[in-house]
Every structure is written in structure tokens, then in C-alpha cells.
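S.K.: Starting from the structure of chain W, add chain R where the hints point.
If you're matching them up, the sequences are chains W and R in order.
One point on numbering: in the UniProt record's numbering, the residue at position 115 of the first sequence is 115, and numbering is uninterrupted.
One point on numbering: in the UniProt record's numbering, the residue at position 2 of the second sequence is 2, and numbering is uninterrupted.
It cannot be assumed that every hint is accurate.
[To be verified] What follows is a set of in silico ranges between Cβ atoms, one per label pair, in the way DEER data are often shown:
{"id": "1", "chain 1": "W", "residue 1": "47", "chain 2": "R", "residue 2": "38", "range": "23 to 29 Å"}
{"id": "2", "chain 1": "R", "residue 1": "86", "chain 2": "W", "residue 2": "125", "range": "42 to 48 Å"}
{"id": "3", "chain 1": "R", "residue 1": "110", "chain 2": "W", "residue 2": "125", "range": "19 to 25 Å"}
{"id": "4", "chain 1": "R", "residue 1": "92", "chain 2": "W", "residue 2": "146", "range": "28 to 34 Å"}
{"id": "5", "chain 1": "R", "residue 1": "146", "chain 2": "W", "residue 2": "65", "range": "54 to 60 Å"}
{"id": "6", "chain 1": "R", "residue 1": "132", "chain 2": "W", "residue 2": "51", "range": "40 to 46 Å"}
{"id": "7", "chain 1": "R", "residue 1": "108", "chain 2": "W", "residue 2": "62", "range": "43 to 49 Å"}
[Unchecked claim] To give an idea of the chain W side of the interface with chain R (calculated C-beta under 7 Å), a few residues:
{"id": "8", "residue": "195"}
{"id": "9", "residue": "196"}
{"id": "10", "residue": "197"}
Hints in this document: simulated from the structure, not taken from any laboratory.
Heads up, the beta-carbon is just placed ideally off N, CA and C, and yes, glycines get one too.
Number of protein chains: 2
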Amino acid sequence: MHAMSSAVESAPRSPGRPRSTRADEAIIEAVLDLLAEGSTIESLSIEAIAAKAGVGKATIYRRWSGKQALLVDALRRLKGKPPTPKGESVRDDLVLLMRGVGRNADPRASKIMPCLVPEVHRSPEQWAVYQEIVQPRRELTREVLRRGVRTGELRADLDVELAVVMLTGPLLTQRVLQRQPYVDDEALPERVVDALLAGMTPR
Amino acid sequence: MHAMSSAVESAPRSPGRPRSTRADEAIIEAVLDLLAEGSTIESLSIEAIAAKAGVGKATIYRRWSGKQALLVDALRRLKGKPPTPKGESVRDDLVLLMRGVGRNADPRASKIMPCLVPEVHRSPEQWAVYQEIVQPRRELTREVLRRGVRTGELRADLDVELAVVMLTGPLLTQRVLQRQPYVDDEALPERVVDALLAGMTPR
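Just chain W, same shape as in the assembly:
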């Protein structure tokens, strides 16, 4: 274990991106593996992460202030980077953003996310971790909606916060809770955005 640990830690680091080392990778992977294997956020220990990653605890503490900061990085990795709205059509940008809802770059997410969400309510720290992951994406959606109100693409009295919930809610339930999408999953974001734009009453 110690030999492996040294090997990992002596991996070359590019100075500008200190977190892209092999040790960082191994640590992030260890967190995600432990969560995917059923560890709760609460029971996850730096000791267990260090052992799984084949590094010493000090290596972890040199890079992250503590479990919470490490969790945020690990869970962000799971989620992947948010897309960049093009700024041309509010409808198209909403479809682009909604494609990522309930979708994760990493297959371990399907084991981690459904039971993680109830967990995040157990303590303010866990809630903060969850918000760090969710809020940057929600803020992108809010910005597109506010732009739509300014350009007149969306109604002037739009409740932006409610609109975020109404866009993301159907996708989250179909993709995370139900996993039995009523239509071809690829088409779902587009269908949801268009249905919400148009409304259910006749025009």
C-alpha cells in the first residue's frame, strides 16, 4: 500500500493545475467508489478514502480542507461540466440546459444519486455540499429565463424560480425517480420545454 502510495504521489504535476495529479484522481475515484458501494456521506471517512486510494491521509489534507470540500469536487466530477448557452434562442438554450438534468457523465451516479439526495437533508454541511453541486446549473437556467423576460421571448410576469422547478422537475422524476420515461428519453428535454412554453390551455 505504501509503495503504491509513493508511486501515485510522485506522479508529475503540471504547476498550474495542482489538482490534476494522479493522486487527486485516485482520491476522487476512491470517494466515488465508496459512495457507489453504499457508503453514506456521514459514514465516509478520510481514513477509508485514503486506504481505497492508496495514499496517506496527509496527502488528502494537503489538497482539500476536509471531507466536505473533497465531496463537492467528487460529486461535481460525477456530474460533469455544465454546457454553455449560445445566447441566441431562449428555447434552444433551455433545451440544451435541460439535456443535462438528471444526467451524469459517470455511470456510478445511478447508484450514488438516488439515495444521496435524501441524505443531504440530514445536516447543514451535507445540504451545503448538495447546493454547491446544484446551484451553478440552476443559476445558468435562471439567467436564460431572465434573458427571455427581457427579450420578450417569455412573459413579463414569469416566476423565474417556479419556472426552474417546472423545467427540471419533470426531467428529474423521469430520469432519476421513475426511470420509465414516457417518451424516448432523447426527445424528453425538448418536449418538456415546448410544453411549458406553450401552456396547456388553447391559444
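M.R.: Here is chain R on its own, set in the frame of chain W:
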């Protein structure tokens, strides 16, 4: 345990409602307690249920064909009875039905439901149990939507299945996943229904 079991089993039964006996109650309660204590559907055994309820296994098998039928009854109890739409205004009936989404009559639901849903995908039997609980309520919503299309309250080209997802999704995520409602939870069903009826683009 056996003395208690006999006491429970000798409770009077009204002939028309054979399942309303004290033994039935004790068995249903045992299932819900075991699930709330963290038992998975898969690991839940008739033995454990019998022991917890203070009845013999035969008592359970006399009343239910097996674990699956018992689970359906127990989980329906958790959820409570669906409301009856009044049939006057589609908007009002949708608000009434949406009030029950993600809401459960029994407080144990908050421990059982969030981790149960991912579980139901593990086998066709578990999926069938879940559908038995969800579908009667979804069907009520579909009926109200179809009525709205007929009366002209809703657009003629309404995608009923998508509308169900778009009504229930925001409520489920706010109440089950997020538990951080963006507005006063009491007002949420009304807000969601009205926003979806009106649509986000200007009229």
C-alpha cells in the same frame, strides 16, 4: 409472542371486510415499521414480518397470496386514499389531485419512499408493486386531462401523458427530492397547475 399472536388473531372480524382485523393491522404496521427501519423490499421476509407483528406466518399467508400483495396493501396504506375530483373545473380538479403528489398520510413515508423508488427497478415484481400504487392516482389525473380536452378547457392537441409528467414532476422533486420548496408548500400545487395551464410565452 404466541400469546400475543393468539390475542391478535382472535380479534373480531366483520364478514364483509375481512382485512380490517387487528391481525391485518398488525401485519401492515410491521411491514411499514420494517421498511422505515431500513429494510429493503428485497430483504423483507415473511418471517421477519410475522415476528414483528406477533403473528404466525400462516396468518399472513391466509390473508395475502405473498409478499408482493402484502407490500401493495402496506404501501397503499402509507399513501392514503386518493381524492375524488368534483368534475366542475379541470383546473380545480388538477389542483386537488396535485395536492396529494409526494404527500403521504403516514409519517414513515419520508423514510421509506426516497430509497424505495430506486429499489423498484431491481426486478419486474418490485416494479409491479410500485405501479399498483402509482397508477390509480395517475389514471385519475389522466381522466381529468382528457375531460379538459373534450370540454375545450385544455388544448385539443394536448399530450396527456406528458402533461401528467409535467404536473407531478415539479411537485415530486420539491416534496420528495429537494424538500426545500421554493414557495410555501401549501400554495405549490396551485402555482404549478396555473403555470402549466398558462405557459411561459406571452399571450
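S.K.: For each hint given before, does the structure comply? Return the numbers of the non-compliant ones in rising order.
M.R.: No hint contradicted; all consistent.
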